[in-house]
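J.: Listed below are the residues making up each chain.
Protein chains: 2
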Amino acid sequence: MDLVAIGTVESPLTDRAGAPKQGDEGAPEAWLVFAERVADGLDGIAAGDELLVLTWLDRAARDVLKVYPRGDPARGEHGVFTTRSPDRPNPIGLHRVRVLDVDGTRLRVANLEALDGTPVVDVKPVLGGIDER
Amino acid sequence: MDLVAIGTVESPLTDRAGAPKQGDEGAPEAWLVFAERVADGLDGIAAGDELLVLTWLDRAARDVLKVYPRGDPARGEHGVFTTRSPDRPNPIGLHRVRVLDVDGTRLRVANLEALDGTPVVDVKPVLGGIDER
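From first to last, the protein sequence lines stand for chains A and B. At position 110 of the first sequence (counting the first as 1) the number is 181 in the numbering used here, and the numbers step up by one without a gap. At position 44 of the second sequence (counting the first as 1) the number is 115 in the numbering used here, and the numbers step up by one without a gap.
Rather than coming from a laboratory, the hints here were simulated on the basis of the structure. Careful, some of the hints might be misleading.
Same chains, same names: a pair is fine if it fits in one copy or spans any two.
Lysine to aspartate or glutamate pairs mimicking EDC-like chemistry, simulated, CA-CA at most 20 Å apart [said to hold, decoys possible]:
#1 K195 x D95
#2 K92 x E148
#3 K92 x E107
#4 K195 x D114
#5 K137 x E81
#6 K195 x D86
#7 K137 x D202
#8 K92 x E81
#9 K92 x D187
#10 K137 x E148
#11 K92 x D73
#12 K92 x D172
#13 K195 x E107
#14 K137 x D187
#15 K137 x D158
#16 K137 x D95
#17 K92 x D111
These numbers come from a predicted model, not from an experiment.
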């Protein structure tokens, strides 16, 4: 199962220690820069949209199964699948972002805590209620 | 970027034509059967939990960038990243399920529309509000 990058994150965040735990905890604005070959797939995305961005957390450790939630030893160790730790067998990041601006294959977004250079692997809409689909 | 399966879906659903579009549109109960080597990562998961399950949609087409949402030509073609189509460059499925039962490394779940045999690649908790993290 081979993932291909469809784009890259451009962000002022460059290391994990300086990044917020989640995008809505103070992440700076960032850009999603997509490959031209997937431009057609972006058709219809507009400023104001709420999107789910999936990334490949390329600086994560893949051999981790137990973690301290939010890095807090006082919480005790938990199974990694009950947490949002980037360290996990398949380090796929799931980020809910708001589109601020669309410039061709570049999207400016709010609420993205991924580090600069992180590969983007998928984008999905936030799913509305059954009657909105 | 190589994904490794951490488990597999066991479901009565065997083909796309017979599967609901989303898990909350009538999906039958299913099992998530995890590899023993990731058992520690499941620690703390209990009946009643709401989880996000990430799968590899192995029967999807990866060369699709425009689709008719929900297969409905009357809606016109849309960029695939504005839809939940399984056909997309990296066919990662994102499923919100409810845990009904835990039996070792097997989880019985409600609201999973993935087909029988679909590889599971990650599990994450649904994220609560900032004050619940």
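J.: Would you mind marking each hint as holding or not holding in the structure?
T.: Hints, verified against the model:
no. : hint        : in the structure
1   : K195 x D95  : both (18 Å within a copy, 17 Å between copies)
2   : K92 x E148  : within (17 Å within a copy, 37 Å between copies)
3   : K92 x E107  : neither (31 Å within a copy, 29 Å between copies)
4   : K195 x D114 : within (12 Å within a copy, 29 Å between copies)
5   : K137 x E81  : neither (30 Å within a copy, 26 Å between copies)
6   : K195 x D86  : neither (26 Å within a copy, 22 Å between copies)
7   : K137 x D202 : neither (39 Å within a copy, 23 Å between copies)
8   : K92 x E81   : within (18 Å within a copy, 33 Å between copies)
9   : K92 x D187  : within (15 Å within a copy, 34 Å between copies)
10  : K137 x E148 : within (6 Å within a copy, 44 Å between copies)
11  : K92 x D73   : neither (27 Å within a copy, 25 Å between copies)
12  : K92 x D172  : neither (24 Å within a copy, 30 Å between copies)
13  : K195 x E107 : within (18 Å within a copy, 31 Å between copies)
14  : K137 x D187 : neither (26 Å within a copy, 28 Å between copies)
15  : K137 x D158 : within (9 Å within a copy, 33 Å between copies)
16  : K137 x D95  : neither (25 Å within a copy, 31 Å between copies)
17  : K92 x D111  : neither (32 Å within a copy, 23 Å between copies)
Violation of the numbered hints given earlier is confined to hints 3, 5, 6, 7, 11, 12, 14, 16, 17; the remaining hints are satisfied by the structure.
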